[in-house]
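Given the sequences, and given the hints that come with them, work out the whole structure.
Going down the list, the protein sequences come from chains A and B. What the first sequence shows, in the numbering used here, is residues 1 to 301, in sequence order. What the second sequence shows, in the numbering used here, is residues 1 to 321, in sequence order.
All the pointers check out, no bait thrown in.
With a Cα cut of at most 20 angstroms, we get these calculated EDC-like pairs of lysine to aspartate or glutamate:
(1) B:K36 with A:E192
(2) B:K36 with A:D198
(3) A:K17 with B:E225
If you are wondering where the hints come from, they were derived from the structure by calculation, not from laboratory data. Note that the structure is predicted; figures quoted are calculated from it, not measured.
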Amino acid sequence: MTTVQKTRPRVRPPLGKIFAWIAMGAFMLITIFPFYWMLRTALSNGALLATDPSSLLPVDFTFGAFERVLGIATTEEAQAQGGSGASLNFWGYLFNSVIVATAITAGQVFFGALAAYAFARLRWPGRNAVFFLFLLALMVPPIFTQLPNFLLMRDLGLINTYAGIVLPFFFMTPFAIFFLRQFFMGISTEVEEAARLDGAGNIRIFFRVILPMSSGPLATLAILQYIQAWNEYFWPLLVGSDESVRVLTVALGVFRSQTPQGQPDWAGMMAAALLAALPILLIFVIFSRKIVNSIGFSGIK
Amino acid sequence: MSTTTSVPTPASPAPAAHAAGSGSPRRNHHSKAARKQTWIALAFVAPSLFGFAVFYLWPTIRGIYISFTDYDVFTSPVFTGLANYARLFSDETFANSARATILYVLINILLQTTLALGLAVLMHRLTQSTFVRSIVILPYLIANVVVALVWFWMLDFQIGIVNQGIQWLGGNAIAFFGDETWAIPTIALVNTWRHLGYTALLIFAGLQTIPKDVYEAARTEGASEWQMFWRITVPLLRPVLALVLVITMIGSFQVFDTVAVTTSGGPADATRVIQYYIFDLAFQRLDFGYASAVSVVLLVVLAIIAAVQLRLTRANESDLN
Chain A
1 MTTVQKTRPR VRPPLGKIFA WIAMGAFMLI TIFPFYWMLR TALSNGALLA
51 TDPSSLLPVD FTFGAFERVL GIATTEEAQA QGGSGASLNF WGYLFNSVIV
101 ATAITAGQVF FGALAAYAFA RLRWPGRNAV FFLFLLALMV PPIFTQLPNF
151 LLMRDLGLIN TYAGIVLPFF FMTPFAIFFL RQFFMGISTE VEEAARLDGA
201 GNIRIFFRVI LPMSSGPLAT LAILQYIQAW NEYFWPLLVG SDESVRVLTV
251 ALGVFRSQTP QGQPDWAGMM AAALLAALPI LLIFVIFSRK IVNSIGFSGI
301 K
Chain B
1 MSTTTSVPTP ASPAPAAHAA GSGSPRRNHH SKAARKQTWI ALAFVAPSLF
51 GFAVFYLWPT IRGIYISFTD YDVFTSPVFT GLANYARLFS DETFANSARA
101 TILYVLINIL LQTTLALGLA VLMHRLTQST FVRSIVILPY LIANVVVALV
151 WFWMLDFQIG IVNQGIQWLG GNAIAFFGDE TWAIPTIALV NTWRHLGYTA
201 LLIFAGLQTI PKDVYEAART EGASEWQMFW RITVPLLRPV LALVLVITMI
251 GSFQVFDTVA VTTSGGPADA TRVIQYYIFD LAFQRLDFGY ASAVSVVLLV
301 VLAIIAAVQL RLTRANESDL N
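Following this line, the structure appears as structure tokens:
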């Protein structure tokens with residue numbers, strides 16, 4: 001047995017391993033390259049992009065694209081570099097995205113934690129039935145509920161308001177409940193019993209014992225839900241297309257459709273796309289370990 | 001429990017009677033506590049239950065009702081029975097969008113599952129590095145809209161880098177988004193790029209549940225990597241693969257963002273996928289009744305897929321145990 005194990009890894013795998021690493025490298029390259037290309041294009045002079053389309057470095061390096069997206073450049077400067085000259089209220093959209101994503105995350109994590117605790121730790125009639133209902137909610141495709149939800153928002157007069165964009169996601173998302181329930185069920189009951197002996201009720205136990213103990217999973221959930229809320233496109237497109245509440249994803253879609261004729265402002269578009277993704281990229285740099293580890297945990301079982 | 005201080009009466013003749021005697025106050029106390037806990041639980045679940053009722057349950061009922069009506073959003077809905085559903089059968093655009101969606105779903109699951117399986121096995125056999133896994137998951141964290149824009153640019157017919165590469169290799173430039181035959185595969189490729197890492201990490205998590213000694217035993221008996229993959233990895237991974245397949249499939253049926261940003265359903269309806277068609281019907285043509293009927297069909301299809309998945313995973317659960 002030992003001889004087989006010793007000779008095999010030495011003789012055969014190296015060649016296979018080399019190919020495996022090459023394949024892995026190819027995957028990584030294909031994953032990373034579009035990000036580089038976004039940056040390369042965003043740092044190019046839009047008007048000259050076509051002159052050297054395969055240059056791996058920015059064409060006529062400039063921050064012009066970022067400047068016109070952020071509204072620093074004058075109309076003439078923008079047009080000279082291939083921009084449309086139309087003003088882009090980037091900071092406004094950014095503000096809207098932050099408000100919307102933060103509100104959704106706060107609601108989902110807090111209400112999700114409350115419900116998850118009730119499902120994981122409290123005994124009450126109908127618990128399993130309600131849990132099953134929530135499980136069903138996970139199965140209903142968003143498009144199906146979003147048409148009637150649009151009508152509801154219209155009836156409530158909430159079209160083109162923050163409330164209209166936030167509310168359907170605010171109170172409950174099945175995922176948050178399942179995610180936290182899973183974790184709460186794993187907390188040892190002894191901790192709770194100890195608190196109970198000290199005379200703490202369920203509410204005290206939840207806020208003073210369970211929540212502090214769960215700061216890790218709560219943070220992970222918040223990160224995941226924030227990213228998802230930030231990236232949401234369909235619903236804000238339906239109820240929040242107005243300039244005053246337009247979020248970044250919707251704004252990018254508008255930006256793209258504004259230049260259908262002639263040569264689109266690719267440099268400007270890539271600069272805008274990169275800036276729109278920047279908060280997520282920052283979250284990613286700081287929390288990638290948390291995000292990666294959550295996938296094995298939440299995705300299966 | 002600590003409050004039931006049953007006084008030990010030494011004269012008590014039968015211990016059973018004693019137990020029965022103290023049982024009733026204890027149960028009383030228990031039910032009182034239970035009732036209190038029920039109220040607390042309901043208070044805890046109330047916000048979620050409210051959200052569920054208002055934004056999931058009610059719209060589901062309302063959506064099904066609207067699907068039986070003629071509704072232009074401005075005047076009140078008029079009940080028309082099964083008219084919308086009858087219309088489905090003669091609607092060429094619906095048939096076309098169903099075809100486009102199914103083609104998209106097939107390409108997507110095929111590409112995504114095989115590539116993700118390959119990537120997951122590579123990661124599993126080569127490295128446990130969190131850094132590698134982080135890079136792999138990165139595209140999944142970026143908004144569909146951003147991803148669509150980047151690829152729309154990279155796949156541009158005239159000066160996109162991909163076509164530059166194709167021409168450099170001696171081929172002819174491809175109108176990825178502008179050609180009817182290429183449009184759907186292109187959108188599937190773009191979404192595969194975004195979801196590949198996520199799917200791979202799901203499979204990777206499944207791989208880690210396979211005990212290492214299974215591989216070692218196989219290796220001692222002279223099995224090659226290839227044999228181990230087909231004889232050990234794939235069979236033991238079946239439940240995970242079934243789950244991944246269904247997640248991918250359900251997600252794929254709802255493709256919208258990429259289409260909306262790049263082709264808007266064109267060229268010549270080639271990418272008018274089902275969700276884009278629903279959106280178009282409801283908000284461009286203000287035909288909410290018919291749009292709802294189409295979305296009921298989508299709901300039913302997805303429910304069937306989910307039900308099949310449930311049976312599949314149940315049937316496969318015992319593979320490792």
